[in-house]
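**Student:** Letter by letter, the chains look like this.
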Amino acid sequence: MPTTIEFITALFYEVDEQLRALPKHPEAHLWPSEVVTLGLLHALKGVGNRPFQSLVDARLSAGISAASRAHPALSSPQDPSGLDAGVLGRSDRAWGHRHLGHRADPSHA
Amino acid sequence: MREGRSPQQIGRKGVSNHRWIVGGKLCLLLNQWGLIVGWACDTANVADNTFQWLIRQCEEQMIVLSDTGFHAAEGDPANLKLCQRGEWEDRMLVETVLSMLTLVCHLKKVMHRGWAYFQARLAFTMAAFNVLVQWQGFQPSTSGFVPLSLSGFSL
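Residue numbers (our numbering), protein chains in the order written: chain S, 1 to 109; chain B, 1 to 155.
Don't take every hint at face value.
What the hints assert, rightly or not - Computed spacing ranges between beta-carbons, pair by pair:
1) S:Gln-18 <-> B:His-106: 23 to 33 Å
2) B:Val-46 <-> S:Glu-6: 38 to 48 Å
3) S:Pro-26 <-> B:Gly-86: 51 to 61 Å
4) B:Gln-8 <-> S:Leu-19: 26 to 36 Å
5) B:Gln-134 <-> S:Thr-4: 17 to 27 Å
6) B:Glu-59 <-> S:Glu-6: 41 to 51 Å
7) S:Glu-6 <-> B:Gln-139: 16 to 26 Å
8) S:Gln-18 <-> B:Val-94: 20 to 30 Å
To be verified - Partner residues are not named here, just some residues of chain B that face chain S (Cβ under 7 Å, in silico):
9) Cys-105
10) His-106
11) Phe-124
12) Thr-125
13) Ala-128
14) Leu-155
Said to hold, decoys possible - Only part of the chain S face toward chain B is listed, based on derived beta-carbon distances under 7 Å:
15) Gly-39
16) Ala-43
17) Lys-45
18) Gly-46
19) Gly-48
Bear in mind the hints are in silico, worked out from the structure with no lab data behind them. We treat Cβ as the ideally placed atom computed from N, Cα and C, and that holds for glycine.
Produce the complete structure using the sequences and hints provided.
**Tutor:** So, in structure tokens, the structure goes:
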């Protein structure tokens, strides 16, 4: 049985074989075959958005270069307040993790 | 108890397996090997015979076996064969597919807040099922039965 990352790669190959002719939207970060692969994995996993993002982070981040991860697929909308990103936090972090970090920080005590 | 908790609730109250549920209803059309060749969804309050249009779509291609819930007083599609409980063993194939979708894809626990997202989730689940049960190719037994398995892909 293949590992999870091997299975995801094989699944992406199968999807891309069917959808490679589809063009990418100029404002999209992902190709249609990448979106469909993520949709299939989401349906197969059968969990909500946040647990699925944890799976994607855990399984796929190792295979994606740092340069690619610098532009997240689902980037946060522009913040009109102009506050520092560290204040608002990032959308691709677990809520609980951020709150725990906030409590553990002695500077906030 | 589960109805009316949110003004934006997309699920409706209906009966499933002799008990009340709040949610949606999925109608599957399987071929003789258990692959999904058609599907439709609606809220749980609609009658099963609402999906007769799905059966009519393949009127020239195959007969469709269903339970008596798909009968309509106004008339049934010519290719619809209503089966009494326990009359046809093909029901086992349907239940096998539903069991795989339930255990591997957790299809009975869908929490989307928008109908379009719910439909997309079902579409991806149907597509994933068809792709994955054919992952190793079809390997029929001597009697022509094709064993289906999804458990090896459980993430």
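**Student:** Next step is simple, just say for each hint if it's right about the structure.
**Tutor:** Structure-based check of all given hints:
no.: 1; hint: S:Gln-18 <-> B:His-106: 23 to 33 Å; verdict: 26 Å, holds
no.: 2; hint: B:Val-46 <-> S:Glu-6: 38 to 48 Å; verdict: 42 Å, holds
no.: 3; hint: S:Pro-26 <-> B:Gly-86: 51 to 61 Å; verdict: 57 Å, holds
no.: 4; hint: B:Gln-8 <-> S:Leu-19: 26 to 36 Å; verdict: 33 Å, holds
no.: 5; hint: B:Gln-134 <-> S:Thr-4: 17 to 27 Å; verdict: 20 Å, holds
no.: 6; hint: B:Glu-59 <-> S:Glu-6: 41 to 51 Å; verdict: 43 Å, holds
no.: 7; hint: S:Glu-6 <-> B:Gln-139: 16 to 26 Å; verdict: 21 Å, holds
no.: 8; hint: S:Gln-18 <-> B:Val-94: 20 to 30 Å; verdict: 27 Å, holds
no.: 9; hint: Cys-105; verdict: 4 Å, holds
no.: 10; hint: His-106; verdict: 3 Å, holds
no.: 11; hint: Phe-124; verdict: 4 Å, holds
no.: 12; hint: Thr-125; verdict: 4 Å, holds
no.: 13; hint: Ala-128; verdict: 4 Å, holds
no.: 14; hint: Leu-155; verdict: 5 Å, holds
no.: 15; hint: Gly-39; verdict: 4 Å, holds
no.: 16; hint: Ala-43; verdict: 4 Å, holds
no.: 17; hint: Lys-45; verdict: 5 Å, holds
no.: 18; hint: Gly-46; verdict: 3 Å, holds
no.: 19; hint: Gly-48; verdict: 6 Å, holds
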